[in-house]
Amino acid sequence: GNSVTQMEGPVTLSEEAFLTINCTYTATGYPSLFWYVQYPGEGLQLLLKATKADDKGSNKGFEATYRKETTSFHLEKGSVQVSDSAVYFCALSATTDSWGKLQFGAGTQVVVTP
Amino acid sequence: EAGVTQFPSHSVIEKGQTVTLRCDPISGHDNLYWYRRVMGKEIKFLLHFVKESKQDESGMPNNRFLAERTGGTYSTLKVQPAELEDSGVYFCASSQGRASYEQYFGPGTRLTVT
Numbered sequence: 006g007n008s009v010t011q012m013e014g015p016v017t018l019s020e021e022a023f024l025t026i027n028c029t030y031t032a033t034g035y036p037s038l039f040w041y042v043q044y045p046g047e048g049l050q051l052l053l054k055a056t057k058a059d060d061k062g063s064n065k066g067f068e069a070t071y072r073k074e075t076t077s078f079h080l081e082k083g084s085v086q087v088s089d090s091a092v093y094f095c096a097l098s099a100t101t102d103s104w105g106k107l108q109f110g111a112g113t114q115v116v117v118t119p
Numbered sequence: 045e046a047g048v049t050q051f052p053s054h055s056v057i058e059k060g061q062t063v064t065l066r067c068d069p070i071s072g073h074d075n076l077y078w079y080r081r082v083m084g085k086e087i088k089f090l091l092h093f094v095k096e097s098k099q100d101e102s103g104m105p106n107n108r109f110l111a112e113r114t115g116g117t118y119s120t121l122k123v124q125p126a127e128l129e130d131s132g133v134y135f136c137a138s139s140q141g142r143a144s145y146e147q148y149f150g151p152g153t154r155l156t157v158t
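Residue numbers (our numbering), protein chains in the order written: chain G, 6 to 119; chain E, 45 to 158.
Hints may be right or wrong, so weigh each one.
[Said to hold, decoys possible] Capping the alpha-carbon separation at 20 angstroms, the derived lysine to any residue pairs in SDA-like fashion look like this: (1) E:Lys85 - G:Lys82; (2) E:Lys98 - E:Lys85; (3) G:Lys57 - G:Val16; (4) E:Lys88 - E:Val157; (5) E:Lys95 - G:Trp104; (6) E:Lys85 - G:Val16; (7) E:Lys85 - G:Gly6; (8) E:Lys88 - E:Asp100; (9) E:Lys122 - E:Asp68; (10) E:Lys85 - G:Gln50; (11) E:Lys85 - G:Thr29; (12) G:Lys61 - G:Lys82; (13) G:Lys73 - G:Asn7; (14) E:Lys85 - G:Asn27; (15) E:Lys85 - E:Pro151; (16) G:Lys57 - E:Lys95; (17) E:Lys85 - G:Thr10.
Simulated from the structure, these hints should not be mistaken for laboratory data.
Isolated chain E (complex conformation) (with noise of 0.2 angstroms):
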């Protein structure tokens, strides 16, 4: 069984530019959530689907994050114009059914906004 996956997982951009981040849960998993690791401090939530809905998206930022998920499979994190304090690492995880304990992650993406 494959497990989550992430594109790219490295990003250099310029301030001001565009960056759409991918992830690619596992299949079958209804939850998907996306967190950020900024300068080595906690993983924050970001926001959580279930399937193509947004069930929370509390954690994020504002509204220069932007994240979809077309079809309750893979989902996409647009952030638009990119800022200095953007970068950092983008986890994505994936989870089955309502309260389930394990979340399965993907090696992150690391955002550098320079």
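Chain G on its own, in the form it takes in the complex (with noise of 0.2 angstroms):
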């Protein structure tokens, strides 16, 4: 079955710092992938997405690249903020669910210190 793994936190880093949060799937066929994140007492909100192989998403600096190669979607940023503490989740959705149904890794909580 599809499944999504990864990297555990949490992840603690100074402002300021580079962030990479690895993101591993298993599919079949070519699956949108997705990072969203959950910030303190909020709902999960989408950060980016990638819907085919090469595809990069970016929003608010955050970026990831759909790799068929190696069935990752790592998540990155160059420069974290304090506001960026939250947990991100990695997800997909299979080509053979055309109702969007999703598929979440573990999350992984990033602190961002001053």
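Put the two chains together into one complex, using the hints given.
Below is the structure:
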């Protein structure tokens, strides 16, 4: 079956540091890939997405590239801020499911200190 | 535009009791999803409504869980009787249209079964 694996947290880093959160997936065909973010006390928000191989999703300084050859969708940001402290979830939507059901990884908590 | 709302935000009940969670999707969104995150693990799909019809309930854990969406508006998820392993955060999401890539999530209901 389909699955998403992401690095465990928490990840603690200083403001302006470089952030990488690894995400790999297992799926048949060509799923769509997503990063969702959950800020404290809020619901999940779509951060970025990519729907085909080699697509790069980007938003708010975050980027992730859909790598079919390595089945990965790693999230990166060059210079984090305290406001980026949140839980980040990698997710996929299988091509066989046209109704958009999401499959998530376990989430990675990121803590950015001043 | 109001977002997805969920009620209550937190519920603490004893094993064997009944709890009903409510989700109000964004007005006009035909798709409504329920997900659950248990013990810091991955967020798992429970079921999906299209308007008032259950499109996919493959993620429902057992028959102690009953979801409804009367009139295709708000949805309820009832757990009866609750067990300890039902503890977790229950998320609701909504989207518009088939294969919509962006699901809008509510803040979740934290259920604690003691």
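Now for the hints, and whether the structure bears them out:
no. : hint               : verdict
1   : E:Lys85 - G:Lys82  : 24 angstroms, violated
2   : E:Lys98 - E:Lys85  : 25 angstroms, violated
3   : G:Lys57 - G:Val16  : 28 angstroms, violated
4   : E:Lys88 - E:Val157 : 19 angstroms, holds
5   : E:Lys95 - G:Trp104 : 13 angstroms, holds
6   : E:Lys85 - G:Val16  : 16 angstroms, holds
7   : E:Lys85 - G:Gly6   : 18 angstroms, holds
8   : E:Lys88 - E:Asp100 : 13 angstroms, holds
9   : E:Lys122 - E:Asp68 : 15 angstroms, holds
10  : E:Lys85 - G:Gln50  : 18 angstroms, holds
11  : E:Lys85 - G:Thr29  : 16 angstroms, holds
12  : G:Lys61 - G:Lys82  : 13 angstroms, holds
13  : G:Lys73 - G:Asn7   : 15 angstroms, holds
14  : E:Lys85 - G:Asn27  : 16 angstroms, holds
15  : E:Lys85 - E:Pro151 : 17 angstroms, holds
16  : G:Lys57 - E:Lys95  : 29 angstroms, violated
17  : E:Lys85 - G:Thr10  : 11 angstroms, holds
The structure does not agree with the numbered hints 1, 2, 3, 16 stated previously, though it agrees with the rest.
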